[in-house]
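Number of protein chains: 2
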Amino acid sequence: MRLGELGEFKLIDRIKQQAGLNPDVIRGIGDDAAELKIPAGHHLLTSTDLLIEEVHFRFAWTDGERLGRKAVAVNLSDLAAMGATPRFLYLGLSCPADSELERVEGLLRGVLAECERFGVSLVGGDTCCSPGPWILSVVVEGSAPDGRSVGRNGGRPDDLLMVSGTLGDSALGLSLLQKGKVVPPLLLQRHLAPTPRVALGQALASAGLASAMIDISDGLAADLGHLLRAGRLDAELDLASLPLSTEFAGQYRSNPSLIDLALHGGEDYELLFSVAEDAAPTVERLAAELAVPVSRIGRLKAGSGAIDLREADGQLHPVTADGFDHFASRVGDQP
Amino acid sequence: MRLGELGEFKLIDRIKQQAGLNPDVIRGIGDDAAELKIPAGHHLLTSTDLLIEEVHFRFAWTDGERLGRKAVAVNLSDLAAMGATPRFLYLGLSCPADSELERVEGLLRGVLAECERFGVSLVGGDTCCSPGPWILSVVVEGSAPDGRSVGRNGGRPDDLLMVSGTLGDSALGLSLLQKGKVVPPLLLQRHLAPTPRVALGQALASAGLASAMIDISDGLAADLGHLLRAGRLDAELDLASLPLSTEFAGQYRSNPSLIDLALHGGEDYELLFSVAEDAAPTVERLAAELAVPVSRIGRLKAGSGAIDLREADGQLHPVTADGFDHFASRVGDQP
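Residue numbers (my numbering), protein chains in the order written: chain A, 1 to 335; chain B, 1 to 335.
I should point out that these hints are in silico values taken from the structure, not numbers from a laboratory. It is possible that part of the hints are untrue.
The list cannot tell twin chains apart, which means a pair is met if one copy fits it or any two copies do.
Mimicking EDC-like on lysine to aspartate or glutamate, the simulated pairs with C-alpha atoms at most 20 Å apart in a straight line are [to be verified]:
hint, residue 1, residue 2
1, 37, 24
2, 10, 54
3, 37, 146
4, 16, 5
5, 37, 158
With the sequences and hints as input, model every part of the structure.
Structure below.
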């Protein structure tokens, strides 16, 4: 069955039926706007992302359900980086009228499954026809107690830099997909089905442990650059301390240039954060309780955004903070 | 200059510089999420819209600045229909890398001008390259005191139906554009630069005057149908009472079939609401103070979503509540 045969209003009814109940949702899907309760003493935190076919995803590599999960996950990752509790989600969906209904329903299953996993309610959105690519617009709203969120700008000289999980897996997975090579399952999963570090972000924020925090979506160096410029800091990273998965490390041994993917590859969706040195053991205990690996990868100092990497020779080498520029990177490709 | 030459991060910096300050914005553009204060005792109200080139707009008929204004206005209209105060806005923008920078900057000027007009702060968004059409994703957040918002579902039998402004102008303007005919300035303005009825919606809600309310985006009959089904009601409309602009009425006299545009044409962005009969004079006084015309166009009765229109012959004729279905209407056009 094609989406056009079902029609827009029946699609919205189907979404509404599946969206579940939440006492904080005063009005959900089916009015001009959603009406929601935010806990007293909390601030509202909101993030939004656009995901566009052939820019952010390809159906040759993913399916509706995994795409739906990832669309939610990358947005939750932004709230995780503030230490916020995610609460409400909106899905804007534009796809061709002749889209397979099964793909649309798979997408909804994925969106709702990822929402349920993190206690988030789907409360609104928009649906319309697309003249070409599939387009997803995801908005997530959450909250944090007044004064308890963590921004990019709070890092202090001498703070340790820490990162969750491992680096470069997603970019290596994507690179293997692009080359048509066999992709080890972990790398594929890290690219197509990332896990937002929601519990870790909340725990670091509510205990006041992280001085600055950002999620790694544009690559370690680029996102570290944002954190450094926001806090007027430089950073020194230690190459030997960068956390690599077994799968990544295996390929890296035979191809040392892959370190560029750990430094500059996008879509890790790990948390990069700074902590006072004497708080680091507390952070490590807390992360162990949450079963999330964390690593000390460097240190902050006063400065203006520069990153130096201590390499195997013991010397410091500058690292550029270049990230993925959506417009610049495409200029040469455009007709 | 092309957008690709400026690059994504410089574009975001430009947006950030122009976005202004607001004490309720704890963190705005430039962090992983915006952090905002919602007034104590208020609920959060949120609406989101996708606008896609060749589906919702054409640059042959509009320009960046007018598009930016309209993108904000149609979202504010949704909050107006709840009686909420709009506060914060997010702009997702995806366009080809070879887009003229002047068009992008015009769009931002329009977005910021419309935000300023309604006291709304631009606090976040997303930017990325599009493989084809321009894509805008707009999110607006506002608030209303607990218990003071107006939904679609509160209408009562015997309530009067009222509507702001005039009907069908936008659809007639679009129809003339599509036929390549001369478009009277008012009809063009009503299509390209609609005014959201924010003050009227807030006034009706805060005074507890409207029992149900919706904005007319899909056409009077379709949006009335939503209000009726939500409240288990029928409606009787009076043809002679439907408010028409001088420009619309002039064309209607020589072409009576144009009444279909007043009943079914989209994008009026007027408020349709129900009020107890004895409250109607108060509504009319209040609307006059706000310089917004309002008209009594019919009455509610118990039922299940049916609409009857009393025509010139004094007889009641059924009106279908069909609105624009984004997917169904396109099936035949797809390759």
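Status of the hints after comparison with the structure:
1. 37 <-> 24: both (5 Å within a copy, 18 Å between copies)
2. 10 <-> 54: Classified as neither: same-chain Cα gap 28 Å, cross-chain 24 Å, threshold 20 Å.
3. 37 <-> 146: both (16 Å within a copy, 9 Å between copies)
4. 16 <-> 5: within (19 Å within a copy, 43 Å between copies)
5. 37 <-> 158: neither (40 Å within a copy, 32 Å between copies)
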